[in-house]
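Q: Single-letter residue listing:
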Amino acid sequence: MTRYVLRRLAQGAVVLWAAFTVTFAILYLLPSDPVELMASGGGEQSVIDPALLAELRAEHGLDRPPLAQYLHALGGAARLDFGRSYQSDAPATSLILDVLPQTLQLTVAGLALSVLLGVGLAVASTYPRTRWLRHALAALPPLGVSLPVFWVGLMLVQVFSFQWRLFPAIGNDGLASLVLPAVALALPTSASIAQLLARSLRQTLAEPYIETARAKGTGRARVHFRHALRNASIPALTVLGVSVGQLLSGAVVTETVFSRVGLGRLTISAVNTQDIPVVMAVVVFSALVFVVVALAVDLLYPLVDPRISLRRAPVAA
Amino acid sequence: MRTLHRHAPGTALAFTAALALSACAGSAGEPAEGGSTSSASAEPVRGGDLAFAITVDSKCVDPQQVGNNDAIAIARQTVASLTAQNPESGEIVPWLAESWEVNDDASQFTFHLVDGATYADGTPIDAASVKTNFEAIVALGAKASLGSTYLVDLESVTTPDPTTVVVDFSAPSAQFLQATSTFSLGLLSPASAALSVEDRCAGKFDGSGPFVVQEYTVDQRAVLARRDGYTWGAAGASSHTGEAYLDTVTFTVIPEAGVRAGSLASGQIDATAAIGTADLPQFDGNGFWLAYRANPGVVFNLYPNESRPLLADERVRVAVLKGIDREEVTGTVLTPLDEPASAALAHTTPLYDGLDELLAYDPEGAKELLEEAGWVEGPDGIRVKDGQPLSTEVTFWQVKDPLELVQQQLRQIGFDLRLHQVTIAEATAASADGEYDFSYGNLTRSDPDILRNLFSVNARNTNKRAAEPVDQLLDAQAAAVDPAERQRLVTEASRLLLEKAHSIPVVELSTTIAAADTVHDLKFEASTRLDFYDAWVSQP
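Residue numbers (this note's numbering), protein chains in the order written: chain A, 1 to 317; chain B, 1 to 540.
Keep in mind the hints are simulated off the structure, nothing from the lab.
None of the hints are false.
Each pair of labels, with its calculated beta carbon distance range:
(1) A:L29 / B:D105: 47 to 53 Å
(2) A:A58 / B:G331: 47 to 53 Å
(3) A:L97 / B:G276: 30 to 36 Å
(4) A:A18 / B:L419: 36 to 42 Å
(5) A:E59 / B:E43: 48 to 54 Å
All C-beta atoms, glycine included, are put in the ideal place defined by N, C-alpha and C.
Required output: the full structure, derived from the provided sequences and hints.
A: Laid out in structure tokens, this is it:
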């Protein structure tokens, strides 16, 4: 078990390094100059003295050869120092840490809501005896999966904020401001969880051991929840891991629509302004989240289903 | 602005200006701008908060560093400047300096400061602190994206006595007087000049203006609070001189256009200057008002890169200039309030002179010029010469609609303008590297010197061309102290820029405030930046 975790962590480090390197290469190859951008007032023509721009370029080390810049940045990243934002001159790491709680709140709320809605819908579309009801409910997830977060968000704001004035449309103030964005974020994710879990449940319910349980006289509810759901949840668990990534990227859109502070907005503005230190920090941080979540999901499998083992097959004595 | 906020131009002010940048008669002051209105004449009420939406946060609210319009809206309110500029007349009027003198070639400026003004931390606004400010801006270099361009050629700042500041330049700098009216040269306390760039950006500075930064959360909001004891408002540019009326102004960042419009309509914000063209009509009346003003400075232009063979031919450039129907652009893809360009400078710029006759839509004249230059009609309507089609590209990041219409118009004369829309980052880089046929854009500045900054071969040289007579005119206006003489030089230079089609103006950039009827006297200052000093709110 320990060896497995260590091996996975080593793989994770390689993933982080690769993410860092590819991003650096892309940013370097982009046909734009962050320093020119800093000097232009929001995209108007710039008339600033080229000598001053050269000074600024030197200050940020952008005048050095690319390999030297890369090694310097990599060395810093290894110490979690990504440099200072070109925009505000604040350390990139602290910019992320400042907004992280907001995005975390949103993502956790979104995740909880998607699991609740997803599992609920999956059970509701497999449990009832009424055939048409099961079919009607089973048609919902494909619909939900195809809804863009952006559109859902705008609709929610229109109806619940501008028309009925139940929730604020903008901001990060308190629980009320979290409701609409969390729902917007959760809807598509919950749909994909429901879709997978329902299919898996239907398959599991057709398995011989369920027949056996029924033959022994076990009640419908007990068969459904105790015998089938647990076994059927493995594929959904895998999707859940991927969903965390989906939710993080969904936060970019949700935070924009709902004018919320967070990692998504930080990312957008860093990309738009070519704020390289911040972009690098965000990419490495996101890669880190992926690595950790993937590992956590893999470690969860054997707890849910004892037939799965993380140890290599025992060598025959 | 036609209706809402009108000052009598030339309010009886005993200002001892040796150099008055008065706009020429019948230009900047005329009521070309318009908009609907609220009850304007009511007595201002003290107190309350004004919630104002901006589109983007620039991670910085330091007036000496910011360059983005939204950041400027916040930063402008936190500092007072040596001078102010009357938005109606373009005249430079006293603010922290009660008077000033300028020497014969506009290379030395002497300011006499008012008594009793202080920074927010209590230190007096004296000559030494002004010196500290200007030197700090020079030290910021390119980070002071606007201020550093105003202080180019600064030689020394001396302080013969505590209320006198003498600023010397190594070259004539007539633009400097207007520059002292901008937020970029707004004054911060000497202690603030010593802060790190990071702290200054985060709003931890002490300014000299009618508001102070109470709270600033990146990407979310900035809250400004009234500065108690502020009594040095610029009488020549505002309607009062005491403390601001509002308790607070809350700037909220709302990136999504539809959400901004909905938030204004549903009362979650009070005002914004960022409502899209399509949404504007619903705020014209119905409990709301609109106010409109063109940004002074260089209008949206196609800038030909004359180091490219095709655009080195003056006849081709002039044909493009004649082949654009500017009225049609404002009439179809912009709002009825927008103005077609009538010169390289917007009509709200001091010393602007209308040159409509040079910008008349003349497709036949354009075709003749192209024929003369050897471009004959090709099979698909695009002209050809030596087997080459008459086709070039414009690199830009702005809204596409006006250029799409220009593209269609130029097709009528057999000219193929390809639209290359890129990100701001790419457009800025292309412009800096000279990697374009045409670049496109505007530049806001309430002084005609901006023409020299952009077009002179001795400055940005956006045309990438060799020296011509126009450069002498552009450089000479920078040294002209006599307003009439400067007017003559600017007009002559503007005329040459159009005759040679170094500048191909299209439309003016404008800013429109949309606000609820409870908001009063939210105004534009001379550079079409937002001014919250006179603003107040009434109970609905």
